[in-house]
Each structure stands twice: as C-alpha cells, then as structure tokens.
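Colleague: The residues making up each chain are set out below.
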Amino acid sequence: MNNQNEKEKGLGIGVRRAIAYIVLIFIVFLCLFWFYVLIVNATRSKGELTRGFTPIPSTHFFDNMSNLFHGTIPVLTGLRNSVIIAAFTAILSTYFSTMTAYAIHAYDFRGKKFVFTFILMIMMIPTQVTALGFIKLVQGMKLEDNFVPLIVPAIAAPVTFYYLKQYMESNLPLSLIEAARIDGSGEFHTFNSIVLPLMKPAIAVQMIFTFVSSWNNYFTPALILHKDSVKTLPILLATLRSADFLKFDMGQVYAMIVFSILPVVVVYLILSRFIVGGVAAGGVKG
Amino acid sequence: MNRSVNNKKAVRYNKWGLIFLIPFFVVYVIFQLIPLATTIYNSFFEHYRSGLSFVGPNFVGFGNYAKLLSDGDLGIYFKNTMIMWIMGFVPQIIVSLILGAWFSDPSLRLRFQQFFKTVIYLPNLIMAAAFAMLFFTLFSDGGPINNILMSLGWISQPFKFMSNTWSARTLVAFMNFLMWFGNTTILLLAGMLGIDTSLFEAAEVDGATATQIFFKITLPLLRPILVYVMVTSLIGGLQMFDVPQILTNGSGDPMRSTMTLIMFLNKHLFNRNYGMAGALSVLMFIITGVLSIIVFKFTASNEK
Chain A
1 MNNQNEKEKG LGIGVRRAIA YIVLIFIVFL CLFWFYVLIV NATRSKGELT
51 RGFTPIPSTH FFDNMSNLFH GTIPVLTGLR NSVIIAAFTA ILSTYFSTMT
101 AYAIHAYDFR GKKFVFTFIL MIMMIPTQVT ALGFIKLVQG MKLEDNFVPL
151 IVPAIAAPVT FYYLKQYMES NLPLSLIEAA RIDGSGEFHT FNSIVLPLMK
201 PAIAVQMIFT FVSSWNNYFT PALILHKDSV KTLPILLATL RSADFLKFDM
251 GQVYAMIVFS ILPVVVVYLI LSRFIVGGVA AGGVKG
Chain B
1 MNRSVNNKKA VRYNKWGLIF LIPFFVVYVI FQLIPLATTI YNSFFEHYRS
51 GLSFVGPNFV GFGNYAKLLS DGDLGIYFKN TMIMWIMGFV PQIIVSLILG
101 AWFSDPSLRL RFQQFFKTVI YLPNLIMAAA FAMLFFTLFS DGGPINNILM
151 SLGWISQPFK FMSNTWSART LVAFMNFLMW FGNTTILLLA GMLGIDTSLF
201 EAAEVDGATA TQIFFKITLP LLRPILVYVM VTSLIGGLQM FDVPQILTNG
251 SGDPMRSTMT LIMFLNKHLF NRNYGMAGAL SVLMFIITGV LSIIVFKFTA
301 SNEK
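Residue numbers (my numbering), protein chains in the order written: chain A, 1 to 286; chain B, 1 to 304.
The hints are simulated quantities; they were obtained by calculation from the structure and are not laboratory data.
We put the beta carbon where it would ideally sit given N, CA and C, even for glycine.
Please note: incorrect hints may appear among the correct ones.
[Unchecked claim] Which chain A residues stay away from chain B? Per the calculated CB distances, all over 12 Å, these:
1) R80
2) I84
3) A87
4) P173
5) S193
6) L198
7) S229
[Claimed, not checked] Sample of chain A residues at the chain B side, in silico, Cβ under 7 Å:
8) A156
9) I257
10) S260
Let's have the full structure, built from the sequences with the hints guiding it.
Modeller: Have a look at this one:
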C-alpha cells in the first residue's frame with residue numbers, strides 16, 4: 001500500500017532485495033531439484049522405485065552401483081575410455097593452443113595478421129558440418145574404433161587459442177622473453193620453461209573446459225566408436241536409452257546417470273570459484 | 001650498425017613464430033579443411049546405401065540440394081530447431097539480464113553470490129546425454145514427476161510428456177535453458193561490472209530508479225555483448241543434438257516435432273547416405289558461416 005507511493009520512485013531497497021532472494025531461491029531450486037531426485041532414486045532399490053516417489057533417500061546406493069558394475073553395460077571400460085580421451089585431449093589441446101597463441105603474441109612475421117584473422121574466422125564453425133568428410137577421412141586412415149581421431153584434432157582449438165592469447169596480452173611481458181634470449185635460452189626452451197609456467201592459471205582453466213567438453217561429447221565419438229570395448233560413457237547412455245529400458249532395473253539406470261556426471265560435478269564443486277572466474281574472464285569485454 | 005644486427009636477430013627469432021604455428025595448421029588442414037572439402041565434394045554426388053550395396057557415386061550436380069530443399073523435411077526440421085532454440089533463448093536472456101543486474105547492483109548488496117553463481121553454472125557442465133536421460137526417466141509416464149503431480153492432486157492420471165508435441169519441445173527448450181542461462185548470466189555480469197560506475201552514480205543523483213537505470217544505461221551499453229551472446233547462442237542452437245537425440249532416442253517424436261537439423265544429418269550419416277548428408281552439411285556450413293562473420297566482426301573490433 002505504502003509501496004504504491006514508493007513505486008513512483010521505484011520499490012524500496014528492502015522489497016527489491018526480498019524479491020531478488022525469492023527469485024534466486026526459486027532458480028536454485030530449478031537447478032538442483034532434478035539432481036536431488038536423481039540422487040534419491042539412485043539410492044532406492046528396484047522394488048522401492050516401482051512404488052512411486054518419496055523425497056527421502058533409501059539405502060541401496062551401493063547395491064545399485066554394484067549391480068551396474070556387474071551388469072551388461074561395460075561402464076568401467078566406458079569410464080576408462082572417457083578418462084583417457086578427455087585427459088589426452090585436455091593436455092594436447094592446451095599445450096598446442098598455448099604454442100599457437102605464443103607464436104602470434106611474441107613474434108613478428110609476414111602474414112601474421114592474416115593468420116590471426118583466419119583463426120578468429122573459423123572459431124565459430126561447428127565440427128558437425130565437416131563430420132561427413134571427417135568420417136570418410138577416419139575410414140580411409142583405418143582409424144575407426146581408435147581414440148586418435150578424437151584426441152589429435154583438439155590440437156587446433158581456436159576458442160582455446162583465443163582465450164590464451166587474451167591472457168598472454170596482459171600477463172606475458174615481451175621483455176621477459178628478451179631477457180631469456182640474452183641469457184642464451186633457445187626459443188623452444190623459453191616457451192617450455194618460461195612461458196608455460198607463467199600461463200599456468202589460464203592453461204588450468206582451459207584444461208578443465210576442454211576436459212569437460214570432451215567428457216560430455218557425444219556426436220563425434222558416436223560416429224567413430226562402434227565396438228563395445230572402446231565406447232565412452234555418453235555412447236553407453238545412448239545405448240541404454242535405446243534398449244527397452246523401462247523393463248530394465250531403474251535403480252541401475254539412475255546409478256548409471258550418477259556415475260556419468262559425478263566426476264565432473266565433484267571437480268566442479270572443488271574448483272567452482274576458479275571455473276566461474278574463468279568463464280567471466282573469457283567473456284568478451286564490452 | 002647495431003640496429004641492423006638487431007634486425008637480423010629479430011628475423012632469426014621470428015621464424016620461430018612460423019614454426020610454432022605448424023602443429024595448429026597441420027592438424028587443422030588434415031582434420032578440418034580436408035574433411036570440409038570432401039564434404040562439399042560429396043554433396044554433388046548421388047551416393048547412398050541401399051540394402052547391402054551402395055548406389056553411386058554418380059555426379060548429380062546440385063541434384064542433392066534440389067531434393068533436400070524440395071521435399072519439405074528440411075523446412076520442418078529447421079522450424080523445429082528454431083522453435084526450440086527461441087523457447088529456450090528468450091527466458092534465458094531475460095533471466096540472465098535480471099540476475100546480472102542484481103548481482104552487479106551495489107545498492108542491493110546480495111549475499112551468497114558465489115553460491116548462487118556456482119549453482120546456476122553447474123548444469124552447463126553436466127553431460128547433455130546424461131541430463132537428457134535423466135529428464136527422460138523423470139518425465140516418463142510412470143516416472144517421479146508424474147508421481148509427484150498425482151500425489152499433489154494436480155492431475156488424475158499420468159501426463160504423457162513425450163507423446164505431446166509441445167510438452168516434448170518444452171522439455172528440450174527447458175533443458176537448453178537450464179544448461180545455458182548460468183553461462184550467459186556470468187558473461188553479461190562481467191559486461192555489467194565493466195560499465196563505469198560513475199554513470200550509475202550520476203543517474204542516481206539525477207533521481208533515476210533502478211528500472212530506469214537498467215533500461216537507459218545498462219542495456220544500451222551492453223548491446224555489443226548482447227549481440228555476441230545472441231549470435232553464439234544461435235550458432236549453438238543450430239547444433240542442437242544431444243538433448244533431443246537422447247530424449248527421443250533419435251526419433252524426434254512425437255511426429256518428428258523435436259527432430260533437429262543435426263539429428264537429420266546424423267541420421268543420414270548413420271545410414272551412409274553420403275550425398276544428402278553432404279548437401280545438408282554444406283547448407284549448415286553456409287548458415288553458420290554467415291553467423292560466424294557477425295561474431296568475428298564483433299570479436300575483431302573488440303581487439304582494438
């Protein structure tokens with residue numbers, strides 16, 4: 001009532017703050033509710049799950065997990081494959097993206113401007129549009145069911161390059177490189193022993209992002225990996241989806257979902273401050 | 001004299017710039033450029049699997065394109081993709097703007113900001129395949145959501161979320177919203193925090209309300225970032241695949257109403273329908289290429 005008057009000048013600060021908290025709590029609920037149901041259901045037995053939803057967790061989480069490990073889906077192999085691909089992708093992609101960024105940042109050569117422009121231009125081209133040629137190439141190289149075509153292409157990662165280049169501009173003084181040269185350090189040695197350590201914070205952020213996007217990637221691996229022994233977790237989830245899984249043990253289905261997202265969630269919760277800061281820093285400044 | 005020695009040295013160093021570029025370009029040419037060329041090349045040939053044997057490759061010129069554009073499926077899938085993108089993007093940009101404004105408002109002094117940011121960014125890192133699988137189980141006919149709605153007495157029998165065009169599309173759009181609004185919020189917030197605070201102070205002194213400040217100062221100054229967010233989101237939206245693919249098991253049901261362009265492409269690729277897959281890829285390449293140029297112009301002008 002009093003607010004009607006105040007509305008002319010805008011709502012009072014207390015009211016605005018209250019609205020903000022209510023909306024934020026609702027949004028937090030919207031984000032977390034699904035995962036709460038997931039965790040609760042992953043702890044319930046097959047029988048309990050058929051009896052409808054209860055918000056209280058049960059005690060069968062480890063039974064479900066052990067059923068999952070001993071079931072028909074090769075989840076542990078899937079985990080191993082996912083870890084190998086994502087880890088190598090993250091390492092190669094960040095190492096060589098730093099190298100590419102360093103080439104543009106620290107040296108002057110003919111065509112440098114063109115190279116930089118070119119990389120920025122291809123930055124947003126999605127990999128899906130070249131998938132057909134990519135599959136044919138992989139078939140031609142006899143690299144189907146092999147991890148190489150999923151790892152090596154990450155060496156040319158324009159987005160990672162751009163982020164690292166931005167970071168270099170404010171954090172890697174050229175005078176330092178000059179000093180290293182005067183001390184007789186070779187260019188490759190300078191890159192490995194001086195530039196890389198200085199870039200650690202940015203490299204770490206990009207490693208996490210590259211790891212996560214490789215871990216979550218479904219489109220390309222599904223086109224390349226056909227044998228059960230090389231499938232990654234997202235492909236196994238898709239297999240589970242295409243099985244007539246409502247007849248399946250639902251406890252195992254929930255356990256499988258938890259199993260696929262848990263590693264990333266745990267890492268995120270430990271490093272969240274760092275990761276969220278990394279997103280903000282990567283954003284283009286107005 | 002000293003100078004020329006320096007120059008010579010510089011030239012000697014600078015060849016290392018080119019050497020350091022080799023890995024990027026070798027890999028780019030092999031795994032992106034050659035596949036792109038093969039894709040374009042294949043789009044001009046009739047080449048598909050029929051039963052156990054292959055038809056073609058026979059050169060058909062623009063035949064695949066004509067077939068693709070005339071049989072109407074492409075239009076439906078393009079429309080589906082756009083509808084689901086817009087349904088996710090509109091709430092995403094509104095919520096992100098509001099949250100960004102609140103987080104950056106010094107007079108509001110919101111607490112627990114780090115907690116809120118952590119939570120809203122979390123869905124972005126969740127494997128889309130797992131997220132879609134989760135929603136499929138939660139919203140299945142006998143799943144927890146129907147259970148909850150029934151025990152609340154809101155519905156008397158299970159609602160078939162997956163068999164209804166708009167509920168299926170809403171689920172896809174909602175998942176996209178959840179996965180991306182945190183990211184957008186953080187980008188917009190970074191932009192808002194970059195605005196000169198003296199502008200806000202001056203406006204406050206002049207008696208502007210928070211709403212006026214938002215619409216008259218924040219929004220116009222954010223325009224470049226908003227364009228960037230919108231175009232990158234559109235490019236991402238055109239690539240929509242994992243969520244509807246897993247949610248509908250690749251069928252795009254009900255009645256192909258959630259079938260996206262990339263799901264269509266994926267289908268051709270799996271059926272080894274190379275000619276059509278090629279033509280579709282080239283069309284997608286052109287669309288995303290045009291959009292990329294807009295992003296590029298923005299990023300390049302930002303470089304200065």
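Colleague: Provide an ascending list of the numbers of those earlier hints which the structure does not satisfy.
Modeller: none
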